[in-house]
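Chemist: Now for the letters of each chain:
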Amino acid sequence: MIREQMKVLGNKKLAHQIYEMTLSGELVSLIRTPGQFVHIRTSSGNDPLLRRPISISSYNQEENTMTVIYRASGLGTKQMAESPYDTIDVLGPLGSGYQVNEDVKGKSMLLIGGGIGVPPLYELSKQLVEKGASVTHVLGFESARVVFYEKEFSELGQTLIATADGSHGCKGFVTNVIEQQGLIHADAFYACGPVPMLAAVEEQLAHIPGFVSMEQRMGCGVGACLACVCEVKDPDVPYKKVCTDGPVFRKGELIYG
Amino acid sequence: MDRLSVSLPGLSLKNPIMPASGCFGFGREYSQFYDLSELGSIMIKATTPHPRAGNPVPRVAETSSGMLNAIGLQNPGLEKVIETELPWLEQFDLPIIANIAGSEAEDYIKVAEKISAAKNVAALELNISCPNVKEGGIAFGTDPETARNLTAKVKEVSQVPVYVKLSPNVTSITEMAKACEEGGADGLTMINTLVGMRLDHKTGKPVIANKTGGLSGPAIKPVALRMVYEVSQQTTLPIIAMGGISSAWDVIDFISAGASAAAVGTANFVNPFVCQEIIQELPSILDELGADHILDLRGRSWMRHGEAAGHRA
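Chains as they are written, first to last, in our numbering: chain S, 1 to 257; chain H, 1001 to 1313.
Do not take every clue at face value.
As the list claims (entries may be wrong) - With a straight-line cut-off of 27 Å between C-alpha atoms, the simulated BS3-like cross-links for lysine-lysine are: (1) H:Lys1178 to H:Lys1202; (2) H:Lys1080 to S:Lys78; (3) S:Lys78 to S:Lys107; (4) S:Lys233 to H:Lys1080; (5) S:Lys240 to H:Lys1205; (6) H:Lys1202 to S:Lys171.
Claimed, not checked - According to the in silico footprint, chain S covers these stretches of chain H (three or more CB under 8 Å from chain S): (7) 1050-1060; (8) 1064-1074; (9) 1164-1175; (10) 1261-1271.
Unchecked claim - With beta-carbon atoms standing in for the labels, derived distance ranges: (11) H:Pro1056 to S:Asp187: 27 to 37 Å; (12) S:Asp165 to H:Ala1105: 39 to 49 Å; (13) S:Gln127 to H:Asp1093: 54 to 64 Å; (14) H:Leu1289 to S:Asn64: 22 to 32 Å; (15) H:Ala1117 to S:Gly74: 45 to 55 Å; (16) S:Ser44 to H:Ser1005: 28 to 38 Å; (17) S:Gly45 to H:Glu1083: 38 to 48 Å; (18) H:Glu1083 to S:Pro196: 49 to 59 Å; (19) S:Ser83 to H:Asp1093: 33 to 43 Å; (20) H:Asp1093 to S:Ser44: 26 to 36 Å.
Bear in mind the hints are in silico, worked out from the structure with no lab data behind them.
Backbone N, C-alpha and C fix where the C-beta goes; we use that ideal spot for every residue, glycine too.
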């Protein structure tokens, strides 16, 4: 984990409020797993004061480049979208991501993303495919105008889109698509998205192994401030830290409040 | 580095900069960034007799130039701190300030007695100002009589000097400071957070699960500065100041207001290297101000005899 003024190679709009920033720097060489995140300082002043945790959507360790996809909805992310930065203050890589082992070969994996939880699944999918797994993506969005990366995911495997308003793909939630398409028989699932989605997916796919990536309001991002905890079922450790114990947890580990 | 060394009761500090309690855990996370021996001290996370799970989430919310938190004193408990965290910190050349908390007086006494016996604990910080727990905490820090009694009880059992951490959520912080002085405190640390709130625009409900939280960050610096200025002139106790400190110039401000050392809290979250950077930057600021030693600047803001308010000779 380092702090680095990373070079901004690109910052392009993908969909309504959705941006993709491409960064280069030494930090990339330290990334271990897909699903890790970086903590970005968007202002050199005091507003907003804290860094923004943003997941890494892809990385290339030969070229030391990575991309992050973010939704410009709050003060900090709007600063990221609007400012013509040459460099940006990045702390990372942080957290523990999805483990991709050799034993995924030949297995059928289900990747489930919701909204701004979709990005880290892209690098995960690339690595799963590289190791010989077959992947199916079920991606949920509010509406057609915020859909992104459909083409990129399609190049890696079957990609099904659900929108809450039916303006693109199937109308409904990711769980509706999983049921309609008979996807519950995958060998394992990987999910990232809002808590209600994670809870619904865990219930629907209780019979197969799975991993979920959690989101929580964060302070330091390195495990010191104890702001971003989540409740776990293990009675001996009532809370775990999303920033360092996660953001990726095993299915069944968390209590969704 | 002699220009930065400061001697306070129980504390021989190579420099007057330390991370504030609750913002640095027990140091493990930040030891990944730099050698903690560079610090003057560490004020470790509040320790209670038994492990505490803390408050429900969300525990933090941002505000203009600041943040609200309601962590709720989550900590692994006295036994684990003594058996694991403090021995781990022994690898660093550091006097540790142990922040102690509890729900009732007996809790403070129990923690004080045990933790003050640890090899590297050089002072206690009596946390009577946490605004985020239902029992204890701030309840001890808003009534002078209660604060005086608790200070005296903790002093009786502690093997090291006792600093009392004051709450700004009182009508007269000077009165609280004097009560702690009467109770036998060796020093003061100030200020803890200011109780605040943020509402969700759509629902109108508080963003933080605890409803209220403690405001910290640059937003509270003027309040902290004023309080240090007042208290330092009304008591003889040394003050370790905190409240929105995020730069070397902020430290100079607090020393000028009457503090003898400074603690950095929220700024660690923004820049994990902030304490190290402040320590490195201070000597050049002393040069700029023509000061040989940092404490030569102490109390520069105070009114002198014969000086009318608002006029300088």
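Chemist: It remains to establish, for every hint, whether it holds in the given structure.
Modeler: Consistency of the hints with the structure:
1. Distance restraint check for Lys1178 of chain H and Lys1202 of chain H: the Cα-Cα separation of roughly 45 Å exceeds the 27 Å cut-off, and the hinted pair is therefore not satisfied.
2. Taking the CA atoms of Lys1080 of chain H and Lys78 of chain S, the gap is near 43 Å; set against the 27 Å cutoff, the hint is violated.
3. Using a Cα cut-off of 27 Å, the hinted pair Lys78 of chain S and Lys107 of chain S is violated, with the two alpha carbons roughly 40 Å apart.
4. Under the criterion of a C-alpha separation no larger than 27 Å, the hint pairing Lys233 of chain S with Lys1080 of chain H is consistent with the structure, at around 22 Å.
5. Simply put, Lys240 of chain S and Lys1205 of chain H have alpha-carbon atoms about 26 Å apart, close enough for the 27 Å limit, and the pair holds.
6. This hinted pair checks out: Lys1202 of chain H and Lys171 of chain S have alpha carbons roughly 26 Å apart, not beyond 27 Å.
7. Coverage of the region 1050-1060 of chain H by chain S holds in this model, with 7 residues showing a Cβ closer than 8 Å to a Cβ of that chain against a need of three.
8. Given as covered by chain S, the region 1064-1074 of chain H passes the check, having 7 residues with a CB less than 8 Å from a CB of that chain where 3 are the minimum.
9. Judged by the Cβ-Cβ criterion of 8 Å, the region 1164-1175 of chain H is not covered by chain S as claimed, because only 0 of its residues qualify and three are needed.
10. Proximity of the region 1261-1271 of chain H to chain S, defined as three or more residues with a beta carbon under 8 Å from a beta carbon of that chain, is established by the 5 residues found.
11. A beta carbon spacing of about 35 Å between Pro1056 of chain H and Asp187 of chain S agrees with the range 27 to 37 Å that was offered as a hint.
12. Remark: the range hint 39 to 49 Å for Asp165 of chain S to Ala1105 of chain H is contradicted by a beta-carbon distance near 59 Å.
13. Taking the beta carbon of each, Gln127 of chain S and Asp1093 of chain H are about 43 Å apart, not inside 54 to 64 Å as hinted.
14. Here the CB-CB span from Leu1289 of chain H to Asn64 of chain S is close to 43 Å, at odds with the stated 22 to 32 Å.
15. Distance hint check: the CB atoms of Ala1117 of chain H and Gly74 of chain S are about 47 Å apart, consistent with the given range 45 to 55 Å.
16. Range check, Ser44 of chain S to Ser1005 of chain H: Cβ separation about 32 Å, and the 28 to 38 Å hint holds.
17. Taken as a hint, the range 38 to 48 Å holds for the pair Gly45 of chain S and Glu1083 of chain H, whose Cβ atoms sit roughly 43 Å apart.
18. Checking the proposed 49 to 59 Å range against Glu1083 of chain H and Pro196 of chain S shows it is violated: the Cβ atoms sit about 40 Å from each other.
19. As the Cβ distance of Ser83 of chain S to Asp1093 of chain H is approximately 42 Å, the hint placing it in 33 to 43 Å holds.
20. For Asp1093 of chain H and Ser44 of chain S, the Cβ-Cβ distance of about 33 Å falls inside the hinted range of 26 to 36 Å, so the restraint holds.
Hints 1, 2, 3, 9, 12, 13, 14, 18 from the earlier list are contradicted by this structure; the remaining hints agree with it.
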